[in-house]
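Asker: Below, each chain spelled out in residue letters.
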Amino acid sequence: MILSNANIFSQWLESTSGLGYVLVLILIAALYLGFFAVAGLMLVLMERRVAGFFQLRLGPNRVGPWGLFQTIADALKLVSKEIFIPKQADKFLYKAGYYIVIIAALIGIGVIPFSRQIQGFDINVGIFFITAVSSVGVLGILFGAWGSRNKYSLIGAMRSGLQMVSYELSAGFAVVTVVLMAGSLKMTEIVEAQQSTWFLFKGHLPAIIAFMIFIIAGTAESNRVPFDLVEGESELGAGFHTEYSGMGFAYFFLAEFINMFIIAALTSTLFLGGWLAPFGITDGLPAQWFWGMFWFFLKTGVIIFLLMWFRWTFPRLRIDQLLTLEWKYLLPVGLVNTVVMALFVWKDWLIDLGKIFGS
Amino acid sequence: MESILFYILAVIILTAALFTVTTVKIYRAVLYLLIALLGIAGLYFLMDYDFMGAVQLSVYAGGVMVLFVYAVMLTEKVGEPVRKIALFRRIIAAVTVLLLMGLALYAIWNFDFPTASNNKPTTINRVGEVLLSTGDGGFILPFEVISVLLLSVMVGAIVIAKSKKSKIENHD
Numbered sequence: 028m029i030l031s032n033a034n035i036f037s038q039w040l041e042s043t044s045g046l047g048y049v050l051v052l053i054l055i056a057a058l059y060l061g062f063f064a065v066a067g068l069m070l071v072l073m074e075r076r077v078a079g080f081f082q083l084r085l086g087p088n089r090v091g092p093w094g095l096f097q098t099i100a101d102a103l104k105l106v107s108k109e110i111f112i113p114k115q116a117d118k119f120l121y122k123a124g125y126y127i128v129i130i131a132a133l134i135g136i137g138v139i140p141f142s143r144q145i146q147g148f149d150i151n152v153g154i155f156f157i158t159a160v161s162s163v164g165v166l167g168i169l170f171g172a173w174g175s176r177n178k179y180s181l182i183g184a185m186r187s188g189l190q191m192v193s194y195e196l197s198a199g200f201a202v203v204t205v206v207l208m209a210g211s212l213k214m215t216e217i218v219e220a221q222q223s224t225w226f227l228f229k230g231h232l233p234a235i236i237a238f239m240i241f242i243i244a245g246t247a248e249s250n251r252v253p254f255d256l257v258e259g260e261s262e263l264g265a266g267f268h269t270e271y272s273g274m275g276f277a278y279f280f281l282a283e284f285i286n287m288f289i290i291a292a293l294t295s296t297l298f299l300g301g302w303l304a305p306f307g308i309t310d311g312l313p314a315q316w317f318w319g320m321f322w323f324f325l326k327t328g329v330i331i332f333l334l335m336w337f338r339w340t341f342p343r344l345r346i347d348q349l350l351t352l353e354w355k356y357l358l359p360v361g362l363v364n365t366v367v368m369a370l371f372v373w374k375d376w377l378i379d380l381g382k383i384f385g386s
Numbered sequence: 797m798e799s800i801l802f803y804i805l806a807v808i809i810l811t812a813a814l815f816t817v818t819t820v821k822i823y824r825a826v827l828y829l830l831i832a833l834l835g836i837a838g839l840y841f842l843m844d845y846d847f848m849g850a851v852q853l854s855v856y857a858g859g860v861m862v863l864f865v866y867a868v869m870l871t872e873k874v875g876e877p878v879r880k881i882a883l884f885r886r887i888i889a890a891v892t893v894l895l896l897m898g899l900a901l902y903a904i905w906n907f908d909f910p911t912a913s914n915n916k917p918t919t920i921n922r923v924g925e926v927l928l929s930t931g932d933g934g935f936i937l938p939f940e941v942i943s944v945l946l947l948s949v950m951v952g953a954i955v956i957a958k959s960k961k962s963k964i965e966n967h968d
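In order, the protein sequences belong to chains A and B. If you're matching positions, the first sequence starts at 28 in my numbering and goes up one per residue. If you're matching positions, the second sequence starts at 797 in my numbering and goes up one per residue.
For the record, the hints were derived by calculation from the structure and aren't laboratory data. All the pointers check out, no bait thrown in.
In silico DSSO-like cross-links for lysine-lysine, where the CA-CA straight-line distance does not exceed 30 Å: (1) B:K821 / B:K880; (2) A:K114 / B:K873; (3) B:K880 / A:K114; (4) B:K880 / A:K178; (5) A:K122 / B:K880; (6) B:K821 / A:K122; (7) A:K114 / B:K821.
Far from chain A, some chain B residues (derived; all Cβ distances over 12 Å): (8) L894; (9) P910; (10) S913.
Note that beta-carbon positions come from the ideal geometry of N, C-alpha and C, so glycine has one too.
Given the sequences, and given the hints that come with them, work out the whole structure.
Answerer: Structure representation (structure tokens):
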């Protein structure tokens with residue numbers, strides 16, 4: 028297939044064999060690990076700057092140019108901190124907690140196409156695979172909270188489990204509406220299917236509803252405000268990571284931000300055309316892999332900004348309000364929306380900008 | 797390469813399964829079971845059966861394990877080591893397990909495993925076509941029955957959630 032051969036990573040792998048093959052695999056894994064750390068730190072910085080923006084203050088701006096090294100300094104502080112484990116804790120579960128969360132987030136990143144040429148592995152069931160992996164991540168929170176033997180941790184983790192299991196359904200329905208239009212679960216094919224029109228515009232009404240449902244469910248799945256009951260600091264101390272210190276806490280924190288990145292990246296891939304340039308304005312230029320990444324990260328950045336905007340705008344929901352929102356509103360709407368979208372696709376009532384502008 | 801990965805996964809699955817039944821801390825048993833299920837998902841991915849692997853991840857590792865976590869919390873004295881079982885019961889259990897294992901091993905050794913003639917990866921499109929096919933080897937009837945069942949379960953959950961007043965709400 029032509030698409031998979033465009034992938035830089037698979038080209039590397041094909042050009043080697045034996046020990047070199049393993050080395051290239053390790054190199055790619057290290058690249059992703061590096062991206063994981065850098066993106067996590069940058070997102071934390073962005074969050075603080077955006078918080079400053081919304082609260083009419085500057086945010087961190089002293090360490091390095093424009094405060095760029097602030098979070099690196101924070102990370103160094105966290106690394107140097109003493110790691111203490113509660114005496115009563117089940118150490119095995121306590122440590123397994125953050126490993127599961129981090130591994131789930133890392134595997135999720137691997138499937139996301141950054142551009143036509145840059146993607147960890149283009150699996151046949153792409154989008155389904157990401158939802159499956161992210162559903163494993165919540166177990167890390169549950170195990171970690173149980174292992175730390177703290178009632179606040181446990182209550183936070185129980186809420187997290189409840190929230191993830193509920194909102195996964197709505198997110199799934201939103202994904203299905205897109206898959207109906209794309210006719211594929213493969214990430215690259217979903218993006219390629221948006222060549223003429225992004226799915227947000229192609230599916231107009233049902234796609235916009237699905238987009239909103241996906242953003243809401245995604246915010247809930249990454250445990251962010253207004254759905255951050257998991258760590259509601261006014262009631263639960265710090266929620267499920269109350270007993271974690273130093274890097275243990277940092278791992279959870281990083282994984283949370285990476286999960287937010289995954290949600291934003293999925294939104295831009297599913298609805299906003301992923302790496303595709305709007306109206307193909309950069310299509311003829313050299314270094315296509317760069318332009319693909321440029322547009323992908325631009326769209327993802329806009330969605331991340333939106334999620335951060337939520338955080339500094341909405342008050343936190345109560346647990347019963349959270350469940351009411353999911354089971355009484357989002358799920359029925361999502362269910363009907365999927366049927367409506369199926370009807371639209373069947374009757375071909377979709378908007379194709381390529382046909383309208385005749386390009 | 798594949799065989800090395802297979803043996804690594806097999807060792808992980810078997811060790812985790814062994815620990816699942818031997819650990820005295822019930823919560824650790826859940827974690828070991830999770831590791832075993834993840835290993836099995838890995839086996840599916842190794843066989844290029846991506847769809848099955850993803851289903852294994854989302855249904856067993858993601859769904860059933862979360863249920864287990866909640867169910868285990870409802871058991872008695874969940875934080876303490878599991879109490880010792882009487883010797884007589886242990887012997888009965890051992891004999892039953894050995895018999896079952898013998899049966900399984902006998903079946904495996906005597907079955908002539910044919911080599912699959914096509915080694916193409918099973919794509920999701922193919923799975924979809926077979927699920928909705930009405931011809932030979934099609935799964936349309938069970939697929940539709942299960943779909944209707946699951947849909948009615950979901951609609952039922954929504955209806956229960958939307959029902960006017962529950963007893964708990966009347967309480968306050």
